[in-house]
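Hey, can you work out the whole structure from these sequences and the hints?
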Amino acid sequence: MAQKEEETEYVFHIDDDVEIDCTIGGVETKMLIDSGCKQNLITKATWETLKKNKVILYNQHPNPNVTFMAYGSTSPLMIKGSFEARIQVGSRYEYSTFYVVCDGTRNLLGKTTAISLGVLKIGLNAEVNQVHMEKFPKFKDVIIHLPIDNSIPPVSQPYRRIPIPLEAKIENKIEELKQRDIIEPVVGSSKWVSPVVPVLKENGKMTKVSFLGHELSAEGVRPLGKYVSTIKEFRAPKTTGELQSFLGLVNFVSKWIPNYATVTEPLKTLLRNKNGDRTNIAELWGLEQQQCFESLKEIMTNISSLGYYDVNDRTIVIADASPVALGGVLVQTNSEGDPRIIAYGHKTLTDCERRYCQTEKEALALVWAVEHFHIFLYGKKFELITDHKPLEVIFGTKSKPCARIERWVMRLQSYDHKVVYQPGKTNIADSLSRLSKDAEKSPIQLKDNHICQIVDFARPRAVSLKEIIESSMNDQEILNVKEGLYSNIWKDDVKLYKIFQNELCFHEGILLRGTRIVIPSELEKGFRCSP
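Counting along the sequence shown from 1, when you hit position 374 you're at 378 in the working numbering, and nothing is skipped either side.
In case anyone wonders, no lab produced these hints; they're calculated from the structure.
All values derive from a computational prediction rather than experimental measurement.
Don't take each hint at face value.
Stated by the list, open to error - Simulated pairs of lysine to any residue, SDA-like, Cα-Cα distance not exceeding 25 Å:
hint, residue 1, residue 2
1, Lys-242, Glu-269
2, Lys-34, Asn-63
3, Lys-177, Ser-160
4, Lys-502, Gly-488
5, Lys-236, Asn-306
6, Lys-402, Ser-308
Set out below in C-alpha cells:
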C-alpha cells in the first residue's frame with residue numbers, strides 16, 4: 005500500500021489455504037495469511053458483520069487515498085473504506101488497520117500483522133546438530149569395480165621441476181593423502197610411474213660431492229675442476245667447429261660469469277659472420293678475439309661459489325636495464341643479515357627491444373628477471389628492487405600504464421612480490437646490464453606474438469606491412485606521436501593523441517591504437533582516391 009503517485013501495493017494469492025481463526029473487536033473471523041501483502045483486507049460482508057455486532061472501530065476513512073492491485077491484474081481493487089480495530093489470535097492481540105474491498109471474497113491477514121501475532125515466522129532459527137564426518141570416510145562391505153582398459157600402454161612421465169617454495173607444501177599434501185589412505189606408495193617396479201633412484205653418499209664424512217659437473221661443498225656450488233682446467237688448457241680455435249666446442253665448454257660455466265655476454269661477444273661475432281668461408285676463422289681471428297679468449301681463461305681462475313637457496317631466508321631480486329641489455333641477480337640474506345648471491349642472470353636485448361624507451365626497458369627487466377628465477381620465486385614472497393623510481397607506481401595497484409607494460413604487469417600477478425626503489429649506486433645489477441656491447445640477433449623472447457597477429461589482421465589488404473612501416477617512418481605526425489609517448493612532451497599538432505595515449509603503442513615502427521593501425525597520411529590519401 006502507498007500513495008497513488010508513489011507506489012502501488014500488490015496482493016498475492018497462494019495455492020494452499022492457511023486460514024486461521026481470529027477475533028476482530030470480539031467477533032470471530034477466519035482470515036487467510038498472505039505473506040505477499042503488507043496490509044489487512046476484509047470483504048464487504050465481513051465489514052457488515054462487524055457493524056451489525058457494533059464493534060468499536062477507530063480512524064474510519066470512507067475514501068482512503070490508496071491503491072491495491074491484484075497480482076497479474078492491471079485494474080485496481082475497489083476500496084470502500086478503512087478503519088483500525090483490535091485483532092486477537094489466542095492470547096496475543098494487535099491494533100491494526102483494515103481495508104474493505106467491495107468485490108472481495110476472502111479476508112487476508114497481511115504479513116506485518118501476522119508476524120506481530122506470531123502466526124507467521126520468516127527465517128526460523130532452527131538448531132541444527134552438526135555431524136562431524138571425515139572428508140573421505142571408509143565404507144565397509146562395499147565392493148567397487150574400477151574398469152581399466154588393458155589395451156592402453158603404460159606411460160612414464162618425466163619428472164617435472166617444482167618451484168622450491170612449493171616443495172614443502174606439496175610434500176605435506178602427499179603425506180596427508182597417504183595418511184587418509186587416498187593414495188599409497190608403490191612397492192617395487194611399475195610401468196605406470198617414473199622411478200627416481202636416490203644415491204646416498206659413500207662416506208658420511210665427505211665434505212664435497214660431485215654431481216653433473218658441479219662441486220657441492222659447505223661454501224657453495226662451483227664447477228668441477230676438470231672443466232676449468234680444460235678451458236684453461238684449450239688452444240686458440242682455428243675452425244668454427246673448434247670455436248663452437250670452446251664456447252660450449254664456457255657456456256656450461258656461464259652461470260658463474262656475470263659478464264658472460266660481453267666477454268664472449270667478439271667470439272660469437274665470428275660465428276655470425278656471413279662472408280667468406282665459415283669453416284676457417286684463422287684469417288678473421290684478430291687482437292680483439294685473442295684478448296677475449298685470454299680473458300675467459302683468466303676468469304676461470306677467479307670463479308667464486310654461488311650460495312645455496314634457503315626457502316626460509318629473505319629473498320631479493322635485483323634487476324636493471326641499460327640501452328643494450330638486462331641484468332638480474334638473485335640474492336638471499338640469512339637471519340643475521342649476511343647476503344649471498346644465489347644466481348646471476350643477463351639477457352642481451354634484441355634490435356626491437358633496444359628501441360623501447362628506458363621506462364619500458366626497466367619494466368621488461370623486472371618481468372624477465374622474475375620469470376628467469378621462477379623456480380626460486382613462485383609461491384614465495386620476495387622483494388623486486390629497481391633503480392627506476394617510476395616503476396614503483398607503474399607496478400602499483402592504481403596504475404594505468406600503456407598496453408605493453410600492462411601486459412607485463414599481468415605476467416607478474418601470479419607472484420607475491422613488492423617493487424622497491426633503490427638508487428643505482430647501490431644496485432649490483434646496474435653494472436651487469438651494462439656488460440653487453442652489442443645485441444645478439446635472437447628471437448624475441450617476450451610473449452608479444454599476438455601483437456603480430458593483431459597487426460596483420462588490422463592491415464588493409466591493399467597495402468603491405470612494409471609500405472605501412474616505410475610511410476610511418478617518414479610521417480612527421482606519427483614521429484611526433486612517438487616522441488610524445490616516450491618523452492611525454494606533446495607538440496601542438498599531436499595533442500589530440502594525448503587524450504588516448506594509454507591506448508597507443510608502437511610495434512616494429514607501426515603505430516597502433518588498441519587493435520587498429522594508425523594509417524600514415526600519405527597512404528590515407530591513396531585510400532580516399534581509390535575506387
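Here is what the structure says about each hint:
For the given pair, Lys-242 sits about 17 Å from Glu-269 by alpha-carbon distance, which is consistent with the 25 Å threshold. Among the hinted pairs, Lys-34 with Asn-63 is consistent with the structure: their alpha-carbon atoms are about 23 Å apart, no more than 25 Å. Distance restraint check for Lys-177 and Ser-160: the Cα-Cα separation of roughly 22 Å lies within the 25 Å cut-off, and the hinted pair is therefore satisfied. With a CA separation close to 8 Å, the supplied pair Lys-502 and Gly-488 stays within the 25 Å bound.
Our distance criterion of 25 Å between C-alpha atoms is met by Lys-236 and Asn-306, whose separation comes to about 12 Å. A distance of roughly 42 Å separates the Cα atoms of Lys-402 and Ser-308; the hinted pair therefore is violated under the 25 Å criterion.
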